[in-house]
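Chemist: Residues per chain, in single letters:
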Amino acid sequence: MLTFLARRLFVMMPTLFFISVLVFIIIQLPPGDFLSTYLNELQAQGEAVDPAKIAFLKQQYGLDQPIWLQYFDWAWGLLHGDLGFSFEYNLPVTEVVGDRLWLSVVLNFSTVLFIYIVSFPIGIYSATRQYSWGDYGFTLLGFLGLAMPNFLFALILLYYANVVFGTSIGGLMDPEFINQGWSFAKVMSVAEHLWAPVLVIGTSGTASMIRRLRANLLDELGKQYVVTAHAKGLSPARVLFKYPLRMALNPFIADIGNILPQVVSGSVLVSVVMSLPTTGPMLLAALQSQDMYLAGSFLMFLALLTVVGMFVSDLLLAWLDPRIRLQGGVSQ
Amino acid sequence: MNPINVPAFSAGWFNRSRNKLARTGLGAMMLAGIISLGSPAQAEIPYFKDAVSKGELPPMAERLPEHPKVIDFTAENKEIGKYGGDLVTIMGRSRDIRMAVVYAYARLIGYDEDLNLKPDILESLDVNDAGNEFTLHIRKGHKWSDGEPFTAEDFRYFWEDIVNNDELFPVGPPRFLFVGDEPATFEVLDEYTVRYSWSQPNPFFLTELAATRPPFIYRPAHYLKQFHENYRDAAELDAIVKERGLRSWAVLHTDKDRPYRLENIERPSLEPWLIRTEEPSDRFIFERNPYYHRVDPDGNQLPYIDRMIFNISNAKLVPAKVGAGEVDLQSRILSLQDYTFLKQSEPQQNFKVNLWDVGYGAYAALYPNLTCSDPVWRKLLRDVRFRRALSLAINRTEINRVMFFGLATPTNNTVLPKSPLFKPEYRESYIKFDVKKANALLDEVGLTKRNDDGIRLMPDGRPLEVIVETMGENPEHDDMLELIGDSWKQIGVKLFVKGLQREVLRNRAYSGETVMSIFNGVDSGLATPATVPAEFVPIQQDSLQWPKWGQYFQTNGEAGEAPDLPAAKELMELYGKWVKGNDAARKEAWQGILDINAENMFSIGLIGNVPQPVVVRNDLRNVPEKGIHSWEPGAFFGIYRPDTFWWDR
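Residue numbers (numbering that gives the first Met the number 0), protein chains in the order written: chain A, 0 to 331; chain B, 0 to 648.
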């Protein structure tokens with residue numbers, strides 16, 4: 000088990016390295032850089048921009064160095080916990096990100112939790128009562144969530160939250176609490192605002208979860224050992240939870256690796272629409288203005304989440320299902 | 000008693016001998032003095048009461064300059080207000096905190112509601128006959144927001160230690176401080192007087208000082224010196240630079256000194272409200288400046304409102320948030336399309352939606368790129384008959400009805416009727432929908448061959464397909480192009496829309512790849528003879544109709560191309576006359592420039608006068624019901640002085 004852990008961890012390193020190279024290349028792909036955006040702004044104000052100034056600014060921002068050197072500067076900083084410098088904000092990226100990272104984690108974690116809490120009972124219900132009204136009803140609901148455009152759903156929810164509960168539109172807290180320290184009132188305000196985005200992002204993920212659990216469970220339910228267990232007089236609930244459910248859970252857990260990045264990238268759009276103070280809108284703005292270190296740091300954060308998600312699901316799977324071999328092909 | 004106000008566009012701006020440009024009526028000041036003598040102890044501002052009684056802050060009378068700027072409430076139709084309250088508004092991104100400087104509109108000299116230039120931060124300003132010598136008089140006892148005196152030293156610091164420092168400003172002082180290649184001669188006459196002079200008249204100086212984005216030719220020297228190599232021990236400075244992870248002291252200095260962007264909460268300022276929130280945030284709080292220089296006629300220090308609050312929110316949510324009653328004053332991001340929705344929420348939310356006029360010459364315009372690289376296109380676009388035909392084949396009435404409830408006006412891309420330069424033909428030439436005439440013009444150009452789809456063929460056999468590039472920011476542009484595409488089909492021209500990003504489009508236009516683009520019309524719809532006609536002559540690279548000519552001018556001929564169309568050459572000549580001329584000559588030059596533009600359709604205006612919804616809370620006073628919503632001149636709410644707005648609660 001320990002060697003398995005070590006190997007998985009070791010494989011994460013080159014993966015992250017390749018991702019970081021890719022991220023950097025992709026950010027550099029569009030024409031121009033932060034400086035050209037900035038120079039456009041200067042020119043718009045009627046300032047004549049002469050070559051000396053351009054060279055001066057390039058040097059100031061370190062954009063005169065070759066790309067690979069810029070990359071190594073950045074990557075070297077990352078290894079030391081230094082995320083680089085945001086041109087847009089004129090601040091180190093760590094300072095710019097601030098609370099946003101934590102709010103993103105809270106939002107995404109709540110969403111994943113929501114997906115599990117909703118889809119788990121519904122999946123079991125609709126598998127055990129296949130083709131019943133309840134099965135159809137819940138499934139329909141799940142598909143509605145999947146089919147409805149997130150931004151539309153978000154806007155509708157915002158509107159009704161405002162009309163019915165008087166919640167302020169957009170954001171993750173009432174405006175008064177922004178920049179304030181954490182207090183009970185602030186936490187409550189976050190809770191009041193959190194449910195809407197969680198619902199919006201969550202509903203799009205539940206349908207697939209429900210279907211997967213239902214299908215897997217149905218497979219297992221018809222098998223011999225379940226019939227035997229029933230015949231031996233075990234109560235239906237005990238049979239269900241003891242054997243087939245455990246088997247059916249496998250893909251459910253394997254999904255953690257997928258669902259995390261899915262939720263995180265899905266939340267970018269919703270965060271932009273709902274104006275949430277998470278990393279999403281900032282990432283988008285950074286990509287638009289080619290604020291490369293800021294954008295790069297966010298993308299690396301997403302990559303890290305994915306890799307860690309995969310790692311966790313691997314661990315859980317290994318623990319859950321003894322049939323999974325830890326040594327890969329070696330034992331053959 | 001009456002201040003001598005010289006309207007920016009009145010004749011004799013530079014001819015009056017020893018023209019005292021509004022030595023802000025001594026009389027008015029004395030009057031204010033008498034009033035304040037009559038009621039010697041002005042009621043202290045409640046917001047500062049504690050601080051004053053504790054001795055942390057001097058009383059109001061000592062905080063004000065000797066002669067504060069008295070706002071003429073009768074002329075501006077305002078009522079004396081009460082202190083207190085917050086003013087909440089929404090901005091689209093945190094970069095927009097600069098709107099605080101725009102809205103506040105505290106300038107050395109600034110426009111009033113009738114677009115006359117009047118001293119504001121300055122006590123007065125003298126311009127000599129020739130218009131080449133400007134003497135600025137600072138108010139005695141005027142203080143920065145930290146209580147330090149505001150003096151000639153602050154001007155000297157800007158001139159000598161900032162713009163003439165090679166490391167801070169490698170390219171030297173900003174353009175408006177030059178006439179031709181000659182930089183200003185700057186003199187400090189005494190502690191409260193400075194002078195800028197040139198051997199030739201400088202027509203840019205005053206309008207630049209009054210601009211919505213002002214050049215800030217004064218900086219808080221006492222504060223900034225600690226970050227300047229001339230005034231700080233090199234090792235100490237180096238340590239700060241290293242600690243902040245910057246590249247040089249110059250970057251540090253620039254960082255600490257952003258008068259327009261307001262990032263540094265420690266930097267002293269002369270604005271009515273001072274930023275109190277550090278970036279990054281989604282809510283920015285501005286708090287009143289205890290040393291602000293303006294007073295109401297009763298001698299009460301302005302502003303009335305204690306705090307201004309900018310909430311940052313996604314632009315798409317703004318109408319909804321406004322409709323939910325989350326703001327006190329809002330015009331930014333709102334557009335006419337939101338009008339009906341906002342009007343609906345009026346009764347529940349206790350606000351009013353006013354419609355203001357706008358300062359844009361046109362709401363949108365097409366820009367044929369006369370300097371595009373494709374030789375066939377270039378020849379075609381430079382043919383005035385071709386441009387006129389395209390304009391004639393646009394159904395502007397339809398655009399108005401379909402998109403703007405018929406509330407807008409079909410117009411060319413030119414000055415507004417409110418401008419003293421306006422002539423009806425500027426607005427109306429070649430905008431009447433006339434497919435027949437347009438077809439005839441295109442036949443005349445020689446585009447007589449058509450393909451099977453009825454699309455005309457260009458001289459080299461390609462079908463006449465115009466790709467109009469957009470900045471991708473304004474969906475209304477796409478809708479307009481959709482309508483235009485329909486009517487252009489009738490003259491055998493096919494239109495394609497290509498959505499890009501602002502930067503990408505600019506770069507493509509600069510390099511000559513763009514054939515045609517759509518963008519906002521001219522900003523200077525309210526131009527006066529003193530306004531620089533920059534949008535109507537080829538002197539700017541970012542004018543999308545002739546980027547390469549503009550680049551040629553901006554780089555002194557090092558890059559770009561010299562204007563080679565006769566009409567463009569004529570424009571440049573007139574611009575030369577505008578620069579050198581006196582007031583009458585300026586008006587003549589302007590008129591000539593506008594004549595040529597109207598005849599030649601260098602840009603094709605589509606629609607104008609699209610009213611701007613302005614949402615105002617019912618108990619917010621002194622906000623005019625009708626106003627002009629314009630960036631330059633006007634600073635949106637700026638010329639209506641938000642420091643006089645107050646809460647009647």
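If you're looking for bench data, these hints aren't it; they were derived computationally from the structure.
Keep in mind it's a predicted model, so treat the numbers as computed, not measured.
Just so you know, even glycine gets a beta-carbon here, dropped at the ideal spot from N, CA and C.
Worth double-checking, as some hints may not be accurate.
Capping the alpha-carbon separation at 20 Å, the derived lysine to aspartate or glutamate pairs in EDC-like fashion look like this [as the list claims (entries may be wrong)]:
#: 1; chain 1: A; residue 1: Lys57; chain 2: B; residue 2: Glu235
#: 2; chain 1: B; residue 1: Lys493; chain 2: B; residue 2: Asp478
#: 3; chain 1: A; residue 1: Lys57; chain 2: B; residue 2: Asp254
#: 4; chain 1: B; residue 1: Lys139; chain 2: B; residue 2: Glu186
#: 5; chain 1: B; residue 1: Lys255; chain 2: B; residue 2: Glu242
#: 6; chain 1: B; residue 1: Lys241; chain 2: A; residue 2: Asp81
#: 7; chain 1: B; residue 1: Lys255; chain 2: A; residue 2: Glu94
#: 8; chain 1: B; residue 1: Lys417; chain 2: B; residue 2: Asp433
#: 9; chain 1: B; residue 1: Lys224; chain 2: B; residue 2: Asp180
#: 10; chain 1: B; residue 1: Lys81; chain 2: B; residue 2: Asp459
#: 11; chain 1: B; residue 1: Lys497; chain 2: B; residue 2: Glu475
#: 12; chain 1: A; residue 1: Lys57; chain 2: B; residue 2: Glu464
#: 13; chain 1: B; residue 1: Lys497; chain 2: B; residue 2: Glu464
#: 14; chain 1: B; residue 1: Lys255; chain 2: A; residue 2: Asp72
#: 15; chain 1: B; residue 1: Lys431; chain 2: B; residue 2: Glu481
#: 16; chain 1: B; residue 1: Lys224; chain 2: B; residue 2: Asp254
#: 17; chain 1: B; residue 1: Lys493; chain 2: B; residue 2: Asp451
#: 18; chain 1: B; residue 1: Lys224; chain 2: B; residue 2: Glu207
#: 19; chain 1: B; residue 1: Lys488; chain 2: B; residue 2: Asp522
#: 20; chain 1: B; residue 1: Lys497; chain 2: B; residue 2: Glu512
#: 21; chain 1: B; residue 1: Lys431; chain 2: B; residue 2: Asp594
#: 22; chain 1: B; residue 1: Lys241; chain 2: A; residue 2: Asp173
#: 23; chain 1: B; residue 1: Lys497; chain 2: B; residue 2: Asp459
#: 24; chain 1: B; residue 1: Lys315; chain 2: A; residue 2: Asp173
Examples of chain B residues toward chain A, derived with CB under 8 Å [said to hold, decoys possible]:
#: 25; residue: Glu278
#: 26; residue: Ser280
#: 27; residue: Leu316
#: 28; residue: Ala319
#: 29; residue: Lys320
#: 30; residue: Glu325
#: 31; residue: Ser334
#: 32; residue: Asp459
Chemist: With the threshold set at 20 Å, check whether the alpha-carbon distance from Lys493 (chain B) to Asp451 (chain B) stays at or below it.
Modeler: Roughly 13 Å between the alpha carbons, so the hint for Lys493 (chain B) and Asp451 (chain B) holds.
Chemist: When the nearest CB of chain A is found for Leu316 (chain B), is that gap smaller than 8 Å?
Modeler: Interface hint status for Leu316 (chain B): holds (5 Å vs cutoff 8 Å).
Chemist: For a C-alpha distance cap of 20 Å, please report whether Lys224 (chain B) and Glu207 (chain B) respect it.
Modeler: 26 Å, violated
Chemist: Mind checking the alpha carbons of Lys431 (chain B) and Glu481 (chain B) for me, to see if they're no more than 20 Å apart?
Modeler: 19 Å, holds
Chemist: Taking 20 Å as the top limit, are the C-alpha atoms of Lys255 (chain B) and Asp72 (chain A) close enough?
Modeler: 25 Å, violated
Chemist: At a threshold of 8 Å, is the proposed contact between Ala319 (chain B) and chain A supported by beta-carbon distances?
Modeler: For Ala319 (chain B), the interface hint holds, since the closest Cβ of chain A sits about 5 Å away, which is under 8 Å.
Chemist: Taking 8 Å as the limit, does the beta-carbon of Asp459 (chain B) come near enough to a beta-carbon in chain A?
Modeler: 28 Å, violated
Chemist: Verify the proposed pairing of Lys497 (chain B) with Glu475 (chain B), using a straight-line Cα cut of 20 Å.
Modeler: 14 Å, holds
Chemist: Taking only the CA atoms, is the gap from Lys81 (chain B) to Asp459 (chain B) under or equal to 20 Å?
Modeler: 72 Å, violated
Chemist: Next pair to validate is Lys57 (chain A) with Glu235 (chain B); report whether the Cα-Cα distance is within 20 Å.
Modeler: 26 Å, violated
Chemist: Given the hinted pair Lys315 (chain B) and Asp173 (chain A), is their alpha-carbon gap at most 20 Å?
Modeler: Holds, at roughly 18 Å.
Chemist: Quick check on the hint: Glu325 (chain B) CB to chain A CB, less than 8 Å?
Modeler: 6 Å, holds
Hint violations for this structure: numbers 1, 8, 9, 10, 12, 14, 18, 19, 22, 23, 31, 32, all remaining hints satisfied.
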